[in-house]
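K.L.:
Take a look at the letters that make up each chain.
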Amino acid sequence: MPLKIALPKGRLLRKTAALLQKADWRLDEYQSSMGFYRPKSARFPDLLVRVFHEKDIPIQIAMGNYDLGICGLDWIEELLVKYPSSDVIKVKDLTYGQSSLYMAVASKSVDLRQNGSPLRIASEYPNLAEAFALKNRLSRFSIFPVWGAAEAYPPENADMVLLAAQSTTEIASYGLSPFSRVLDTSTFLIANRNSRELKNLGEIVASISDALPELGKSVGEKKDIPLNVSVGSPAPEVGKNTVRLALPDGHQQQQTVELLNKAGIKIEDYPSADGNRRPKIGITGVAVKVIRPQDMPLQVANGNFDLAITGRDWLTDHLAQFPSSPVKEMLDLKLRKVRLVAVVSQNLPVNNSADLRRFIVGRAEPFRLASEYVNIADKYARENHLGHYRVIPTWGATEAFLPEDADLLIENTETGRTIARHNLKIIGTLFESTACLIGNANMTADGNKRQRMDYIINRLHATVGDA
Amino acid sequence: MKIQRCKGMRDMSPADMAVFHQLEGICRDSFIKWGYREVRTPTIEYLHLFTSAGTLTPTMLGKVYSFLDWDGWSGERVVLRPDGTIPVARLYTESMSGQGLARLFYAANMFTFETGDKNRERWQCGAELIGAGSAVADAELMALSMEIVKKLGLKNVELRLSHAGLLKALLAKLKLNTEEQHKIFDSILDGDITVLTKISRSAPELGETLLPLLSLKGQSPGFLKDKRALFLRTMPEIGSSLDDFLKAVAILDNLDIKYQINIASGAGFEYYTGMIFQLFIGKEKIGGGGRYDALIPSMGGGDVPASGCAIYLDRLIRLVNVETVLSSTPKRILVKGSDIKEAFKVADALRQAGFIAELDLDGQKADWALEVKSGGALTLIDKAKSTKTDIRSVAEVIKLLEAKGAA
Chain A
1 MPLKIALPKG RLLRKTAALL QKADWRLDEY QSSMGFYRPK SARFPDLLVR VFHEKDIPIQ
61 IAMGNYDLGI CGLDWIEELL VKYPSSDVIK VKDLTYGQSS LYMAVASKSV DLRQNGSPLR
121 IASEYPNLAE AFALKNRLSR FSIFPVWGAA EAYPPENADM VLLAAQSTTE IASYGLSPFS
181 RVLDTSTFLI ANRNSRELKN LGEIVASISD ALPELGKSVG EKKDIPLNVS VGSPAPEVGK
241 NTVRLALPDG HQQQQTVELL NKAGIKIEDY PSADGNRRPK IGITGVAVKV IRPQDMPLQV
301 ANGNFDLAIT GRDWLTDHLA QFPSSPVKEM LDLKLRKVRL VAVVSQNLPV NNSADLRRFI
361 VGRAEPFRLA SEYVNIADKY ARENHLGHYR VIPTWGATEA FLPEDADLLI ENTETGRTIA
421 RHNLKIIGTL FESTACLIGN ANMTADGNKR QRMDYIINRL HATVGDA
Chain B
468 MKIQRCKGMR DMSPADMAVF HQLEGICRDS FIKWGYREVR TPTIEYLHLF TSAGTLTPTM
528 LGKVYSFLDW DGWSGERVVL RPDGTIPVAR LYTESMSGQG LARLFYAANM FTFETGDKNR
588 ERWQCGAELI GAGSAVADAE LMALSMEIVK KLGLKNVELR LSHAGLLKAL LAKLKLNTEE
648 QHKIFDSILD GDITVLTKIS RSAPELGETL LPLLSLKGQS PGFLKDKRAL FLRTMPEIGS
708 SLDDFLKAVA ILDNLDIKYQ INIASGAGFE YYTGMIFQLF IGKEKIGGGG RYDALIPSMG
768 GGDVPASGCA IYLDRLIRLV NVETVLSSTP KRILVKGSDI KEAFKVADAL RQAGFIAELD
828 LDGQKADWAL EVKSGGALTL IDKAKSTKTD IRSVAEVIKL LEAKGAA
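Chains A and B supply the protein sequences, listed in that same order. Quick note: the first sequence uses this note's numbering, first residue 1, plus one each step. Quick note: the second sequence uses this note's numbering, first residue 468, plus one each step.
Among the hints, a few may not be true.
The list that follows gives simulated cross-link-like pairs (lysine-lysine, DSS-like), each with its CA atoms no further than 30 Å apart [to be verified]:
#, chain 1, residue 1, chain 2, residue 2
1, B, 798, B, 840
2, B, 585, A, 90
3, A, 135, B, 474
4, B, 725, A, 135
5, A, 379, B, 635
6, B, 752, A, 135
7, B, 650, A, 82
8, B, 798, A, 199
9, A, 82, B, 469
10, A, 135, B, 640
11, B, 692, A, 135
12, B, 635, B, 714
13, A, 82, B, 752
14, A, 379, B, 469
15, A, 90, B, 530
16, A, 266, A, 199
17, B, 635, B, 752
18, A, 135, B, 650
19, B, 585, A, 135
20, A, 199, B, 725
21, A, 199, B, 469
22, B, 500, B, 635
23, A, 135, B, 635
24, B, 650, A, 90
25, B, 640, B, 585
26, A, 82, B, 640
27, B, 474, B, 752
28, B, 585, A, 82
29, A, 92, B, 530
30, B, 840, A, 90
31, B, 530, A, 379
32, A, 82, B, 530
33, B, 798, B, 618
Over 12 Å on every C-beta distance to chain B, these chain A residues come out as not near it, computed from the model [as the list claims (entries may be wrong)]:
#, residue
34, 139
35, 141
36, 404
37, 437
Bear in mind the hints are in silico, worked out from the structure with no lab data behind them. Quick reminder that beta carbons are idealized off the backbone N, C-alpha and C, glycines included.
When you get a sec, could you build the whole thing from the sequences and use the hints?
P.N.:
Dropping the structure here:
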């Protein structure tokens with residue numbers, strides 16, 4: 001069995017690539033973050049290298065799919081705090097990519113031991129956030145796991161956020177006040193416990209260690225230092241009659257702004273060059289916030305937003321997890337048409353879901369589904385009677401999981417080209433997804449607010465109807 | 468594909484269940500005779516029931532099975548019940564409030580995440596005495612627990628006493644900030660007492676009173692009585708707790724119940740406010756309980772004092788002598804025969820008479836078998852003596868079996 005290592009894409013890619021270059025690994029394609037996730041090392045030709053989203057790496061190591069991995073300590077702790085018996089060992093602090101996780105609040109008057117309404121915590125690190133809440137004896141709390149943009153939530157949509165930042169100044173720049181430093185993080189080399197005991201990882205570990213700069217700094221101890229930093233300007237209050245509209249960040253912004261323009265709705269500073277998440281919209285009584293489309297259904301369900309523009313894929317995933325959720329599709333915006341498809345390796349003798357069921361029968365190993373859409377994947381497995389199966393949550397770059405680390409993907413695709421390029425094939429289409437406007441069926445809005453919501457819905461309706 | 472049970476979970480075989488039911492029956496029988504009435508609370512509760520001020524330690528909360536329910540989009544988590552007392556207190560607050568004194572008991576499974584091969588699901592039988600704040604109430608629960616232990620035929624059970632009020636007052640003397648106090652109390656409650664002795668050594672001015680109290684181990688409350696005046700001079704604030712403790716201990720003396728005092732052994736639950744007791748066989752804790760006067764008020768149930776106890780059933784399955792616990796079960800009779808209608812009729816008559824009558828489906832063997840022949844003729848087969856007796860009626864079969872002492 002060749003040794004396997006998982007390398008990070010994204011923010012740690014450049015420095016990790018530089019370190020491995022210094023270690024004379026001579027990787028062919030890791031420098032570019034484009035599309036392919038299977039670099040080869042000239043120094044360790046037998047080593048199997050895969051590139052994953054950083055968040056996925058601790059889980060891959062814990063599952064034993066990979067012997068070694070490189071990722072941030074924050075994601076390691078996010079796993080270990082919830083699953084302390086995971087088979088992940090921290091081998092070496094690689095010292096770059098340093099930042100801290102801060103619990104931050106919008107106003108300093110947050111009473112941690114409040115009784116009554118739950119304290120709302122938004123974070124990309126739900127497990128660490130829960131551990132913080134328990135440790136600090138919050139009497140009642142809700143955790144909103146978010147895909148990103150946690151800093152945009154307080155004060156209206158969350159009381160606290162747990163987020164990574166370079167410094168307290170960065171926290172203050174979001175108009176937040178750091179409440180406590182929860183973790184200092186940097187990049188770590190990690191290993192699977194069994195691999196470390198049973199396999200010879202020495203040469204590879206040594207090559208990385210030797211390439212590190214002399215000055216080793218030890219980080220990683222948890223500290224809870226009460227911080228006293230003055231709060232930036234507080235976010236504007238949102239009145240009872242204000243319509244709260246969520247717009248997507250990322251690559252969906254351009255299409256969204258074109259749609260709004262076509263509908264005659266003016267919007268300023270969206271997409272924003274300097275990361276402003278509260279653009280001004282040309283309708284009085286409407287407040288806009290820019291968050292991840294993945295997070296919108298949950299936020300609308302909780303009454304944090306009245307309307308949101310997201311994808312039907314994320315709405316469907318939300319409803320698969322919470323069938324009684326009050327979120328519903330108000331309007332199909334007919335933008336960004338993708339298909340959600342089930343994908344397997346070309347080499348698998350399976351071409352449709354009937355084949356799949358036959359293939360599963362008599363398999364000794366559990367069938368592994370990898371997807372960003374955890375709840376849709378789970379539902380797919382149940383509905384197709386996949387028997388003993390596991391859903392592996394991923395944060396993108398899912399194609400890299402097949403065929404070694406998963407058996408089937410639930411993916412979205414526009415043209416199917418990326419899938420074909422990775423030597424994969426589509427065995428079924430679950431549904432077609434487009435951008436849609438979602439709202440809360442339980443929301444009771446009176447007079448003014450109702451009119452404003454109807455105005456937005458009608459303008460958009462007229463526009464997409466014309467298209 | 469190999470089918471197997473979840474890690475940390477355990478099956479109970481027919482033999483285990485026979486013992487389990489006897490253990491539970493003995494607990495149930497005692498509880499009922501002391502005036503306790505059974506309640507059953509759901510397996511799933513809101514997480515915040517357990518996180519609310521001072522109910523479980525953060526370490527225990529970190530081991531709770533918590534998850535989002537199917538309608539958990541608000542982000543509020545639910546848990547698999549990690550504890551028996553808090554749900555019963557919740558039930559009382561929710562639907563029995565204002566009814567005054569309530570003696571309630573339950574038999575239920577608790578879930579906590581344990582690493583390795585330890586059990587993650589545990590069964591216990593517990594009693595809650597709600598609405599009484601006296602030392603007599605504390606003594607009742609201890610006497611009741613000891614009665615059950617005795618009925619189970621367990622020897623060398625140690626009753627270990629501590630007092631949460633006393634512990635907290637002593638900790639307050641260490642002049643720690645609230646955070647540190649919480650931390651130390653938590654570690655004591657989680658069973659780690661070394662931290663306490665370490666800290667008290669660093670406060671030499673209290674060495675004379677604090678250390679002797681904390682390291683106090685033994686049978687006699689004499690030491691406490693003798694030094695009461697001295698303690699009260701240096702620490703007047705421990706007065707009420709100390710007196711409360713001595714009162715309960717005096718009742719135990721009167722009832723001739725043996726105990727060990729060990730103030731620093733508070734392991735258990737954060738919600739205790741007064742007397743804490745634990746039952747040990749060697750190093751194995753088999754039960755315990757205590758007073759939790761602040762729990763129901765914290766749930767908004769008004770100023771209602773309460774205390775409770777629990778017996779850890781699954782730990783006892785391994786510890787009790789099966790022979791002493793298992794009562795004799797009725798004889799099993801295997802009913803064979805090609806005349807199905809007649810066989811069912813005969814089996815029914817045997818059951819009515821108190822036997823276990825099993826229909827023969829696959830030619831199995833049994834100590835006693837009854838062959839039902841066409842026309843209703845019967846043959847009783849005694850495997851032990853390898854005899855066959857032809858009998859005309861079921862009534863005669865029953866008479867014969869009873870005469871052989873088989874019922």
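K.L.:
Check whether the Cα positions of residue 379 of chain A and residue 469 of chain B lie no farther apart than 30 Å.
P.N.:
Between residue 379 of chain A and residue 469 of chain B the Cα gap is close to 23 Å, so the pair holds against 30 Å.
K.L.:
Need the status of pair residue 585 of chain B, residue 82 of chain A: alpha-carbon distance at most 30 Å?
P.N.:
holds, 18 Å
K.L.:
Between the alpha carbons of residue 199 of chain A and residue 725 of chain B, is the straight-line distance 30 Å or under?
P.N.:
violated, 57 Å
K.L.:
Between residue 82 of chain A and residue 640 of chain B, is the straight-line Cα distance small enough, at 30 Å or below?
P.N.:
This hinted pair is violated, its Cα atoms lying about 36 Å apart.
K.L.:
What's the verdict on residue 90 of chain A and residue 530 of chain B, does the C-alpha distance respect the 30 Å limit or exceed it?
P.N.:
This hinted pair holds, its Cα atoms lying about 23 Å apart.
K.L.:
For the pair supplied as a hint, residue 725 of chain B and residue 135 of chain A, is the alpha-carbon distance within the 30 Å limit?
P.N.:
violated, 38 Å
K.L.:
Decide if the proposed pair is consistent with the structure: residue 650 of chain B and residue 90 of chain A, CA atoms, cutoff 30 Å inclusive.
P.N.:
holds, 27 Å
K.L.:
Holds or violated: residue 500 of chain B and residue 635 of chain B, Cα atoms, limit 30 Å.
P.N.:
violated, 35 Å
K.L.:
Residue 752 of chain B and residue 135 of chain A were given as a pair; does the straight-line alpha-carbon distance stay at or below 30 Å?
P.N.:
Roughly 27 Å between the alpha carbons, so the hint for residue 752 of chain B and residue 135 of chain A holds.
K.L.:
Taking only the CA atoms, is the gap from residue 135 of chain A to residue 640 of chain B under or equal to 30 Å?
P.N.:
With Cα atoms ~24 Å apart, residue 135 of chain A and residue 640 of chain B stay inside 30 Å; holds.
K.L.:
Taking 30 Å as the top limit, are the C-alpha atoms of residue 266 of chain A and residue 199 of chain A close enough?
P.N.:
violated, 61 Å
K.L.:
Are the Cα atoms of residue 585 of chain B and residue 90 of chain A separated by 30 Å or less?
P.N.:
holds, 26 Å
Violation of the numbered hints given earlier is confined to hints 4, 5, 8, 11, 16, 20, 22, 25, 26, 30, 34 and 35; the remaining hints are satisfied by the structure.
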